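Enquirer: Listed below, chain by chain, are the residues.
Number of protein chains: 2
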Amino acid sequence: MTSKVDVAIVGAGTAGLAALRDVRRKTDNFVIINKPPYGTTCARVGCMPSKTLIAAANAFHARTLLDTFGIRGAEHLKADIPAVLERVRWLRDDFVSGVLKATDDLGDRNIAGHARLDGANRVVVDDQVIEADRIILAPGSSPVVPKPWEKFSDRILTTDTLFEEQDLPSRIGVIGLGAIGVEMAQALSRLGIEVHGFDGSKQMAGISDEKIAKALHQSLAREFTVHLGVEVDLAEADNGVEIRWGEKKVVVDKVLVAVGRRQNVQDLGLETLSVPLDDKGMPEVDPQTMRIGNTSVFLAGDANGMRPLLHEGSDDGHIAGVNATSGTPVKLERRTPMSITFCTPEVASVGKRASDLDLEDCLVGEVDFSSQGRARVMQKNEGLLRIFASREDGSLLGTEMAAPAAEHLAHLLALAIDQNLTVHDLLRIPFYHPTLEEGLRSALREIARELPPCGISDLAGCAALEVEALE
Amino acid sequence: MTSKVDVAIVGAGTAGLAALRDVRRKTDNFVIINKPPYGTTCARVGCMPSKTLIAAANAFHARTLLDTFGIRGAEHLKADIPAVLERVRWLRDDFVSGVLKATDDLGDRNIAGHARLDGANRVVVDDQVIEADRIILAPGSSPVVPKPWEKFSDRILTTDTLFEEQDLPSRIGVIGLGAIGVEMAQALSRLGIEVHGFDGSKQMAGISDEKIAKALHQSLAREFTVHLGVEVDLAEADNGVEIRWGEKKVVVDKVLVAVGRRQNVQDLGLETLSVPLDDKGMPEVDPQTMRIGNTSVFLAGDANGMRPLLHEGSDDGHIAGVNATSGTPVKLERRTPMSITFCTPEVASVGKRASDLDLEDCLVGEVDFSSQGRARVMQKNEGLLRIFASREDGSLLGTEMAAPAAEHLAHLLALAIDQNLTVHDLLRIPFYHPTLEEGLRSALREIARELPPCGISDLAGCAALEVEALE
Numbered sequence: 002m003t004s005k006v007d008v009a010i011v012g013a014g015t016a017g018l019a020a021l022r023d024v025r026r027k028t029d030n031f032v033i034i035n036k037p038p039y040g041t042t043c044a045r046v047g048c049m050p051s052k053t054l055i056a057a058a059n060a061f062h063a064r065t066l067l068d069t070f071g072i073r074g075a076e077h078l079k080a081d082i083p084a085v086l087e088r089v090r091w092l093r094d095d096f097v098s099g100v101l102k103a104t105d106d107l108g109d110r111n112i113a114g115h116a117r118l119d120g121a122n123r124v125v126v127d128d129q130v131i132e133a134d135r136i137i138l139a140p141g142s143s144p145v146v147p148k149p150w151e152k153f154s155d156r157i158l159t160t161d162t163l164f165e166e167q168d169l170p171s172r173i174g175v176i177g178l179g180a181i182g183v184e185m186a187q188a189l190s191r192l193g194i195e196v197h198g199f200d201g202s203k204q205m206a207g208i209s210d211e212k213i214a215k216a217l218h219q220s221l222a223r224e225f226t227v228h229l230g231v232e233v234d235l236a237e238a239d240n241g242v243e244i245r246w247g248e249k250k251v252v253v254d255k256v257l258v259a260v261g262r263r264q265n266v267q268d269l270g271l272e273t274l275s276v277p278l279d280d281k282g283m284p285e286v287d288p289q290t291m292r293i294g295n296t297s298v299f300l301a302g303d304a305n306g307m308r309p310l311l312h313e314g315s316d317d318g319h320i321a322g323v324n325a326t327s328g329t330p331v332k333l334e335r336r337t338p339m340s341i342t343f344c345t346p347e348v349a350s351v352g353k354r355a356s357d358l359d360l361e362d363c364l365v366g367e368v369d370f371s372s373q374g375r376a377r378v379m380q381k382n383e384g385l386l387r388i389f390a391s392r393e394d395g396s397l398l399g400t401e402m403a404a405p406a407a408e409h410l411a412h413l414l415a416l417a418i419d420q421n422l423t424v425h426d427l428l429r430i431p432f433y434h435p436t437l438e439e440g441l442r443s444a445l446r447e448i449a450r451e452l453p454p455c456g457i458s459d460l461a462g463c464a465a466l467e468v469e470a471l472e
Numbered sequence: 002m003t004s005k006v007d008v009a010i011v012g013a014g015t016a017g018l019a020a021l022r023d024v025r026r027k028t029d030n031f032v033i034i035n036k037p038p039y040g041t042t043c044a045r046v047g048c049m050p051s052k053t054l055i056a057a058a059n060a061f062h063a064r065t066l067l068d069t070f071g072i073r074g075a076e077h078l079k080a081d082i083p084a085v086l087e088r089v090r091w092l093r094d095d096f097v098s099g100v101l102k103a104t105d106d107l108g109d110r111n112i113a114g115h116a117r118l119d120g121a122n123r124v125v126v127d128d129q130v131i132e133a134d135r136i137i138l139a140p141g142s143s144p145v146v147p148k149p150w151e152k153f154s155d156r157i158l159t160t161d162t163l164f165e166e167q168d169l170p171s172r173i174g175v176i177g178l179g180a181i182g183v184e185m186a187q188a189l190s191r192l193g194i195e196v197h198g199f200d201g202s203k204q205m206a207g208i209s210d211e212k213i214a215k216a217l218h219q220s221l222a223r224e225f226t227v228h229l230g231v232e233v234d235l236a237e238a239d240n241g242v243e244i245r246w247g248e249k250k251v252v253v254d255k256v257l258v259a260v261g262r263r264q265n266v267q268d269l270g271l272e273t274l275s276v277p278l279d280d281k282g283m284p285e286v287d288p289q290t291m292r293i294g295n296t297s298v299f300l301a302g303d304a305n306g307m308r309p310l311l312h313e314g315s316d317d318g319h320i321a322g323v324n325a326t327s328g329t330p331v332k333l334e335r336r337t338p339m340s341i342t343f344c345t346p347e348v349a350s351v352g353k354r355a356s357d358l359d360l361e362d363c364l365v366g367e368v369d370f371s372s373q374g375r376a377r378v379m380q381k382n383e384g385l386l387r388i389f390a391s392r393e394d395g396s397l398l399g400t401e402m403a404a405p406a407a408e409h410l411a412h413l414l415a416l417a418i419d420q421n422l423t424v425h426d427l428l429r430i431p432f433y434h435p436t437l438e439e440g441l442r443s444a445l446r447e448i449a450r451e452l453p454p455c456g457i458s459d460l461a462g463c464a465a466l467e468v469e470a471l472e
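Protein sequences appear in the order of chains A and B. Each residue of the first sequence is one higher than the last, beginning at 2 in the working numbering. Each residue of the second sequence is one higher than the last, beginning at 2 in the working numbering.
With the rest of the complex left out, here is chain A (with noise of 0.2 Å):
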């Protein structure tokens, strides 16, 4: 059976359903193929489990610090596993469902099956055949386990398999510390887990600044066993799995794998495109249109391995989608980048990271917020924030931080930095008392007082300034 569409688009993702919406403004003759099952990533074993899951530990957490504000019987609270993780299914089948309504409507439209590529133009799902004006590609990423570990069969967790648990084990190993494990491993920890995290590199979530980077171990060191730049390896036990690194061991009863994600490629017949592929079977697109080469075929999402991040992965599907319908294929500036980590301190990094710096070229502002007013009335007193500013001309640069509500200020300097402003603007605003951001505002000041003055005073701005003699 043999179709033609305008567009048909593989996976129905974050990407591939920001795709669907902007090819559904342009036509009506198009297909989405979707491997089972649906639902993205996010929804079903990413960003929303995980988060349901941290809200959870972060809750029982809490106790720790009941006593200190001055509330008794904290040693009488129990998290009930099971019940954590019902919970955790409970409202991701309900973020999935939301998601499921995107293709409920389209009938015949909505292909369930494997999808391959034969050629620029077309699409083979079992025995159907699809030709295709333009296709975009969204098949999605999956959880890496390295080979000689899938023997431990049931005593491997990934994020994939972690929230299907009906109950969890008293000892967990955390294998990668990037963002998903160390999101993970702490969670487990708080939830009461006895957890064991390892990384080969010296970093954990993704962290670039060494001064940042401390910040955070010392922070997670407190709550589970953190090993860095150890490679480990895995043995049978009794009653456990053996996790080794170098002359040591520690047996637990599962571990979770988050050592990456794979792209889903492997059998996309990206062959036949006839473009260059790398050695990892990845052919090169250009990020400001999604454009495999100059085929007519786009790749986006976790797929394309350039931004495994939600919204960026949706940005992919938009410029995809609109570039797949559109006459005058157009270019799109990507955002500024930022990445967010969900643990605590919260890691968060926007625009340019310290790797991406010469910081001896640049000027750093830095606030500790162990002895910041507001985090210490809410006990929130840990973490540290680095913002990296031109020694020119005081714009602002990037930042990375590991530090309570990072979230709420990478967002806040996000519009800085996209907004190309310097230090001296950022401090125009009202700094509200008592708030993290006044720590924020003390990382701003420390930079300013290494730049010439500019103007009277922060009230006016380098630009703005009123001046008008009183007498």
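Heads up, a few of these hints could be off.
[Stated by the list, open to error] Some but not every residue of chain A turned toward chain B, in silico, with C-beta under 7 Å: (1) Lys52; (2) Lys79; (3) Asp81; (4) Met339; (5) His409; (6) Glu438.
These aren't lab readings, by the way, just hints derived from the structure by calculation. Note that this is a predicted model, so its numbers are computed, not measured. The beta-carbon is built from N, C-alpha and C at its ideal position, and this holds for glycine as well.
Position chain B against the provided structure of chain A, taking the given hints into account.
Expert: Same frame as chain A, now just chain B:
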């Protein structure tokens, strides 16, 4: 004894100390006169102890969500009120001690006593007469207790006395539901005290937008009784004091009076300045110079009755300090207006409020946090946010909200408003997933849909769209 100085500062609170910093940069020949106690209103009896009490109350209140999260045993938690208050005072004392350092090293340039003007260049403190080229008045404000209620003596609390209590009774009335009244009523209620709140107006916490006011009312009324638009009176009762309104009455153990603060200008000698005073005895003050009329006297901080907020008082002091020591006095631009009430959901307004605008002439975007993703995950799913924008060009005019993390959303919007940005400009930033900022984005998009399309995509912004043909 007569001395002669360049500048005399009256009041060592937030505004006076801010002025001191600027004065010290220019001259050593100054005095600062303060009627004890030392320590700012904020640190002693305002922002800091109130936020500390709120933090404890919220920590205890969080038990009501534990069961939903799957955490058991919440029924065993008890608020140890004396311990809660002890922590409030302990942290309060620490914040106050930080403030005291500002005047520690001043020797006899720091005078404890009540200062009274004698004309525009003379201050009298007990038997000391100080001739001053410039005088900065920053005597602060005090809680108002209506005269007839004074007879209830220790059954009456104000924020001056609340934090000094060793314990709290089981029934408290809160009269006045402005920012302070709402914060304290909710905190006391969350600590397990039966709270009855009253206000003569129809809206709480300074909200002017009717929908936001209603959303806050609904949230707060779930926690304590709220009586709006009522005039109350007090009467003697067995074991307590009776609050009467209309035909109704309730007996409580104590009453927190939060009906406002009075500027401390009664015995300040303003009448010796030969400038017009209004019926409250207040002179006209230029908010951009803090100068009283054409005199050499400045009136800064809560005492001028203009913007009784810490950051504004601090700016007042700074402006007065700059101008009292400057050869060329200047008018400084004030910051974008912002106010925050730290209740739950948090209340905030930035820029123009609903009452400043004709909303029929504006575009209004709205988000209800009861169904917002991240808010649901954290069980913070209540509240409403409204953004007001120009119908002509989508520029952001202001916002009011009663919403989770309002303090953070307010700072982001303050930057956007301060920079005269449009809805499209703000939609350019990354909105991370899942965050409460995505709720803000929903409100922005609601406005954007009413505006003429701005380029092909919010990725591009209105000015920055980069178009390049692909093929």
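Enquirer: Need the list of violated hint numbers for this structure, in ascending order.
Expert: Violated: none.
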